[in-house]
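Trainee: Quick note, the sequences are listed as chains S and E, same order. Numbered according to our numbering, the first sequence spans residues 41 to 605. Numbered according to our numbering, the second sequence spans residues 31 to 527.
I should point out that these hints are in silico values taken from the structure, not numbers from a laboratory. For clarity, every value in this text was computed on a predicted model and none was experimentally measured. Check before you lean on any hint, since a few could be wrong.
[What the hints assert, rightly or not] Within a straight-line C-alpha distance of at most 25 Å, the following computed DSS-like cross-link-like pairs (lysine-lysine) qualify:
#1 S:K451 x S:K580
#2 E:K299 x E:K362
#3 S:K104 x E:K178
#4 S:K116 x E:K348
#5 S:K87 x E:K377
#6 E:K144 x S:K104
#7 E:K196 x E:K184
#8 E:K196 x S:K104
#9 S:K472 x S:K520
#10 E:K167 x E:K145
#11 E:K184 x S:K127
#12 S:K127 x S:K104
#13 S:K69 x S:K144
#14 S:K148 x E:K144
#15 E:K150 x S:K148
#16 S:K144 x E:K145
#17 S:K144 x E:K144
#18 S:K127 x E:K196
#19 S:K144 x E:K362
#20 S:K116 x E:K145
#21 S:K116 x E:K150
#22 E:K145 x S:K148
#23 S:K87 x E:K362
#24 S:K53 x E:K144
#25 E:K283 x S:K127
#26 E:K362 x S:K104
#27 E:K178 x S:K127
[Unchecked claim] Just some of the chain S residues that point at chain E, by a computed CB distance under 8 Å:
#28 V159
#29 E164
#30 Y528
[To be verified] Footprint (simulated), chain E over chain S, 3 or more residues, beta carbon under 8 Å:
#31 100-107
#32 198-212
From the three backbone atoms N, C-alpha and C, an ideal C-beta is built for every residue, glycine too.
Here's the letter readout for the chains.
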Amino acid sequence: MNVVSVIKLYISKMIEESGPGMKVLLMDKETTSIVSMVFAQSEILQKEVYLFERMDMNSREAMKHLKCITFVRPTKENVELLTQELKNPRYGQYFIYFSNVISKADIKTLAESDEQEVVREVQEFYADYIAVSPHLFSVNCVGCYQGLGWNPVHLQRSTQAVISVLLSLKKNPVIRYQGSSELARRLAENVRQSITKEVSLFDFRRTDVPPLLLILDRRGDAVTPLLNQWTYQAMVHELLGINNNRVNLADVPGISKDLQEVVMSAEHDEFYANNMYLNFGEIGSNIKELMEDFQKKTKSQQKVESIADMKAFVENYPQFKKMSGTVAKHVTMVGELSRLVASHNLLEVSETEQELSCQSDHSENLKRIRRLIGNEKVRDIDATRLVMLYALHYERHSNNDITGLVDALKKRGVSEKLTKMVYSALEFGGSKSRSYDLFDAENVRSITRKVIKGLKGVENIYTQHTPLLRETMEDLLRGKLKEAPYPYLGTVQMRERPQDVIVFMVGGTTYEESNVIQELNRTTPGVHIVLGGTTVHNFKSFLEEMKSATVGMIMKPGGSKRVIR
Amino acid sequence: MATFLGSHVVEEEEVREGLLCPICLQDLGTINQLQEHFDSVHSFEDKDVLQSLKVFLGKAKRKILNKQDSLLDGSPRSFYVDSSEPGRNQRNIYSVPSEPQEIGIITRHTDYFKKIRDTKVDRYVIETNKLLIRLDKLITDAPVDPEKRKVHEKNIVPWIADNDVKLCPSCARTFNLSRRRHHCRLCGGIMCHNCSEFLDFHYARKLLHPGVTLDVTTQEVRPTLQRRGSSSSLLSIVSTAGEPHIRVCQNCKVSLDRRDQFMEQKNSKPIIVQMYERMREHMAEVVGLLPLYFKMADALSYGETSYSLKDAQELRMKLTKLAENIDIISRKISVLGTRDEPSPSPKSLQLQGCVRYAASNFLRDNILGLPSLPSEEEFHKLQEEHRKEVHQRIQQEKQAALESRQFSPTEDPYKRNGNRQSFPHTVNQDMISVDTGWTPDSVEYSMSMDDDPMVQQMNIIRNFIKQAREAHRYDEVRTLEENLTELQQEYLKQKNS
Ligand SMILES: [Zn+2]
Ligand SMILES: [Zn+2]
Ligand SMILES: [Zn+2]
Chain S
41 MNVVSVIKLY
51 ISKMIEESGP
61 GMKVLLMDKE
71 TTSIVSMVFA
81 QSEILQKEVY
91 LFERMDMNSR
101 EAMKHLKCIT
111 FVRPTKENVE
121 LLTQELKNPR
131 YGQYFIYFSN
141 VISKADIKTL
151 AESDEQEVVR
161 EVQEFYADYI
171 AVSPHLFSVN
181 CVGCYQGLGW
191 NPVHLQRSTQ
201 AVISVLLSLK
211 KNPVIRYQGS
221 SELARRLAEN
231 VRQSITKEVS
241 LFDFRRTDVP
251 PLLLILDRRG
261 DAVTPLLNQW
271 TYQAMVHELL
281 GINNNRVNLA
291 DVPGISKDLQ
301 EVVMSAEHDE
311 FYANNMYLNF
321 GEIGSNIKEL
331 MEDFQKKTKS
341 QQKVESIADM
351 KAFVENYPQF
361 KKMSGTVAKH
371 VTMVGELSRL
381 VASHNLLEVS
391 ETEQELSCQS
401 DHSENLKRIR
411 RLIGNEKVRD
421 IDATRLVMLY
431 ALHYERHSNN
441 DITGLVDALK
451 KRGVSEKLTK
461 MVYSALEFGG
471 SKSRSYDLFD
481 AENVRSITRK
491 VIKGLKGVEN
501 IYTQHTPLLR
511 ETMEDLLRGK
521 LKEAPYPYLG
531 TVQMRERPQD
541 VIVFMVGGTT
551 YEESNVIQEL
561 NRTTPGVHIV
571 LGGTTVHNFK
581 SFLEEMKSAT
591 VGMIMKPGGS
601 KRVIR
Chain E
31 MATFLGSHVV
41 EEEEVREGLL
51 CPICLQDLGT
61 INQLQEHFDS
71 VHSFEDKDVL
81 QSLKVFLGKA
91 KRKILNKQDS
101 LLDGSPRSFY
111 VDSSEPGRNQ
121 RNIYSVPSEP
131 QEIGIITRHT
141 DYFKKIRDTK
151 VDRYVIETNK
161 LLIRLDKLIT
171 DAPVDPEKRK
181 VHEKNIVPWI
191 ADNDVKLCPS
201 CARTFNLSRR
211 RHHCRLCGGI
221 MCHNCSEFLD
231 FHYARKLLHP
241 GVTLDVTTQE
251 VRPTLQRRGS
261 SSSLLSIVST
271 AGEPHIRVCQ
281 NCKVSLDRRD
291 QFMEQKNSKP
301 IIVQMYERMR
311 EHMAEVVGLL
321 PLYFKMADAL
331 SYGETSYSLK
341 DAQELRMKLT
351 KLAENIDIIS
361 RKISVLGTRD
371 EPSPSPKSLQ
381 LQGCVRYAAS
391 NFLRDNILGL
401 PSLPSEEEFH
411 KLQEEHRKEV
421 HQRIQQEKQA
431 ALESRQFSPT
441 EDPYKRNGNR
451 QSFPHTVNQD
461 MISVDTGWTP
471 DSVEYSMSMD
481 DDPMVQQMNI
491 IRNFIKQARE
501 AHRYDEVRTL
511 EENLTELQQE
521 YLKQKNS
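Make a model of the complete structure from these sequences and hints.
Mentor: As structure tokens, this is what we get:
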């Protein structure tokens, strides 16, 4: 199960089907993201695709000598735009691929508008999700909660994405969901309905152990997306933000022009592929190796005197070129991360975060948070996330001082918009929305982990926390995930330990959780897990998510709430 | 490996670890000195690379990566990197290897789509064809006299009675003395003068004979009109009757225009497409020849004689020539039409630019790293070395064989190989082609019948070799040459016996 590969296969196939000749790829906003996540432009150029057009940004210039590969989502707007396009075609031939199920009625409309007979193919290729890593996909939508229920648009989109994942990977799964979550249940039911409706599509060869779809809700673990991260990919996303594999560095002081936006794609960048899951310390030393390699090449470049030198240089040229680009990019990236870590005092912030998520020394925790709120170097958002973690941890503690800490934030000058989010976080992820006592469990786990780490000689206080997902998955793989909190949908049950698992997190997943899944895939023979989420969060996007979930409610200290009328 | 920052300087010259300047490799000892060195010595050099290195080095002082440093800047505790941790190297796996991913489900609607489209399109194709047949009749053998001509026209297409139509169907105005009724010669319908269209004879002829410039093989399977030539009679209408036009209604005109556009598009091939196709052919040829060249260059560099140096040189020339052509064509494509008025649209220019960009990528990936061939002299040397090596190995093997078991020294090594013994009498033509489908053309048997059959056979093979060489099929050349040698040996053996 590799979602990146399967999307690449789909896209390669649609390009190949059109045969030789110059091609244009016509897409919508979403399919553009889907394609750009898995292919570099130069790769697509080698497949004779020279132009990229957006369906919704119509230039009317005709180029009849091009073949048009149309890859769009089967939305009403797209069908309409395509109907117009076919009535007055700009290109000589059309090969049309919808990213999901399209109705017969829509096909009929399109067929009737193709009077010039330019259409050669009409097919469904189920590449209707963003493949972030081989084991990670996203629907790229933030704000899927609307109050306590689903935003209906996002529910439909998420259903389509999950269906598409199942069809692309050829899985007809047994479905389980987080019982405490209305949203998880709704999505599970919608997926089941779609499968029943398209039953002929889901007619796969039976496997001994059926695949499993597990649907979870972010509200079961609101702690993970609050934490600062220390593995490369997660850290870049937390501090700089990764958007469709692109990182904006325009705000980095003294940045050179060609590095203002960089692509971080493990598919096309070996260094990144090898380091994305490593922690920051390890990357530092790997960067050093990379630079040493670069040094050697730089040196040989300077010594180009004899013809033999030149030959050697030219023969190395493609790699050299590629490598120097990589060096500059990662050196800049790591440099910027270090700058941010130092200037915002992130080490101490993170250490406190970790203690808040894994230990229970109330007075000590409180003292440290107060001290950090008073520290000028600490960013407002970091001060706020500490208070959020505190609130979630000590919500039920008799002597908690959530109000006092929020006042301290206000005194510091933190905007009301942000301080209010402390109560939103409580509403979103407080103990009543959890089926699981996050912090008690964390305690136990972190202690065992510490012992193990201590034995290995690697104690890392910044990565003590493990997401709840790890425990859930470990239980699941052992066949020990309890049925009451995670019921089956329908009457089908599984006796066997699952092997192929698709986990979907309503409300968004995180790169920390992606690491967990990657690690499980690597260490558990015979098991393949793919993780998906409505989005992949960092702290900032998670704030948006919590806001949309709690909008219209005023939270009072102590967790009582009333709905504004 | 020494840790990156604050590491101790290693004394030995050849190890070169420590805080080296990435540009001049001077060892600076401390991060502060390195940064100063950077600012003073290299501040005027290549901006981009330096900038990024500088940023990194500047921040490195506040690094969080290393034990010693955290002690220096007093940060609480820090990451401890233990590179000896077991499994560390396996941790950095982006993708956990598993069985190769197969493509997912595909649903094809093309047939359904075409069925619907055909029922709709067929209707108007039939309609258009009817119009074309009428058009052909109208301009064939048309009488010169206007009155007779009108009768002729009415015979072909019955006209709608004037009284049945009170308003012009396209502009909805009433007919009167100043707005008179006119008939469409193709459908017989009525319209006013303003709403009439006129087909001139050039256009009519083009519609009726699209095949004049048409490549038969690309013609769509579609009822096309086949009629005897009528251009002469068409001309006669024009020249004698003085009316070069045929009056038609707007609907009929639209149908015919659509037909015309369709045929036009089928038959025209813009210059950029012609150039592009030529370039792609060259690329395909390069891709086809490259593996062979690599094999040859590799063998020659070891002094092996399985390929001739001359053949390899020729192939290299050929590849270089192809690359040159690709370069020239793609360059021409990139500037196509830029000197014309009006200059190409931004979109065309983008297309042209991308084609050029892809071509230079292609050349960089395939031609730039082409391994070089040894010179004649070098090759002789390599050959000599290789021969010695082989000789040595054979000697060693013989020695080993002698030592390991009792060996009958009289046995001819070739005799043990029955295959080889019997082989030369017939050349198996099958083995020449299979993998990529090349076969020599059948050879003309021009030799006299009283030639020795073996001589005949050898001549055939020589001919094959020539053809194979011309087709750059050097693997076949090699096989054939082996055959020839064996045949010659056999021939000599027979002669002498
Ligand atoms: Zn220097
Ligand atoms: Zn009119
Ligand atoms: Zn008419």
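Trainee: Take the hints in turn and mark each one as holding or not.
Mentor: Structure-based check of each hint:
The hinted pair formed by K451 of chain S and K580 of chain S meets the criterion: a straight-line CA distance of about 22 Å does not exceed 25 Å. At most 25 Å may separate the alpha-carbon atoms for a hinted pair to count; K299 of chain E and K362 of chain E meet this at roughly 17 Å. Taking the CA atoms of K104 of chain S and K178 of chain E, the gap is about 45 Å. The hint is violated against a cut of 25 Å. For the given pair, K116 of chain S sits about 54 Å from K348 of chain E by alpha-carbon distance, which is inconsistent with the 25 Å threshold.
Taking the CA atoms of K87 of chain S and K377 of chain E, the gap is near 19 Å; set against the 25 Å cutoff, the hint holds. Under the criterion of a C-alpha separation no larger than 25 Å, the hint pairing K144 of chain E with K104 of chain S is consistent with the structure, at around 21 Å. Of the supplied pair hints, the one linking K196 of chain E and K184 of chain E holds, its CA atoms being roughly 21 Å apart against a limit of 25 Å. A distance of roughly 43 Å separates the Cα atoms of K196 of chain E and K104 of chain S; the hinted pair therefore is violated under the 25 Å criterion.
With a CA separation close to 24 Å, the supplied pair K472 of chain S and K520 of chain S stays within the 25 Å bound. Restraint check for K167 of chain E and K145 of chain E: not satisfied, since their Cα atoms lie roughly 33 Å apart, outside the 25 Å limit. Restraint check: the Cα-Cα separation between K184 of chain E and K127 of chain S comes to about 35 Å, which exceeds 25 Å; the hinted pair is violated. Pair hint K127 of chain S plus K104 of chain S holds up; C-alpha atoms about 14 Å apart against a cutoff of 25 Å.
Between K69 of chain S and K144 of chain S the CA atoms are separated by roughly 24 Å; this keeps the pair inside 25 Å, and the hint holds. The straight-line distance between the Cα atoms of K148 of chain S and K144 of chain E is roughly 10 Å, inside the 25 Å bound, and the hint therefore holds. Simply put, K150 of chain E and K148 of chain S have alpha-carbon atoms about 11 Å apart, close enough for the 25 Å limit, and the pair holds. At roughly 12 Å between alpha-carbon atoms, K144 of chain S and K145 of chain E fall within 25 Å of each other, so this suggested pair holds.
For the given pair, K144 of chain S sits about 13 Å from K144 of chain E by alpha-carbon distance, which is consistent with the 25 Å threshold. Of the supplied pair hints, the one linking K127 of chain S and K196 of chain E is violated, its CA atoms being roughly 33 Å apart against a limit of 25 Å. For the proposed pair K144 of chain S and K362 of chain E, the alpha carbon gap of about 46 Å is over 25 Å, so the pair is violated. Note on K116 of chain S and K145 of chain E: the hinted pairing holds, with a Cα-Cα distance of about 23 Å set against a maximum of 25 Å.
Simply put, K116 of chain S and K150 of chain E have alpha-carbon atoms about 23 Å apart, close enough for the 25 Å limit, and the pair holds. Taken as a hint, the K145 of chain E and K148 of chain S pair is honoured in the structure, with Cα atoms around 10 Å apart against an allowance of 25 Å. Of the pairs offered as hints, the one joining K87 of chain S and K362 of chain E holds, with about 21 Å between alpha carbons and a cut-off of 25 Å not exceeded. A C-alpha spacing of about 21 Å is found between K53 of chain S and K144 of chain E, which places the hinted pair at or below 25 Å, so the restraint holds.
Between the alpha carbons of K283 of chain E and K127 of chain S the distance comes to roughly 18 Å, so the proposed pair stays at or under 25 Å and holds. Taking the CA atoms of K362 of chain E and K104 of chain S, the gap is about 21 Å. The hint holds against a cut of 25 Å. Between K178 of chain E and K127 of chain S the CA atoms are separated by roughly 42 Å; this puts the pair beyond 25 Å, and the hint is violated. Residue-level restraint check for V159 of chain S holds (minimum Cβ-Cβ distance to chain E is 7 Å; threshold 8 Å).
Residue-level restraint check for E164 of chain S holds (minimum Cβ-Cβ distance to chain E is 4 Å; threshold 8 Å). Given hint, Y528 of chain S at the interface with chain E, is violated; its Cβ is 25 Å from that chain's nearest Cβ, farther than 8 Å. Under the rule that three or more residues need a Cβ within less than 8 Å of chain E, the assignment of the region 100-107 of chain S holds, with 5 such residues. Coverage of the region 198-212 of chain S by chain E holds [criterion: at least 3 residues with CB-CB distance below 8 Å; count 4].
In summary, the numbered hints that this structure violates are 3, 4, 8, 10, 11, 18, 19, 27 and 30.
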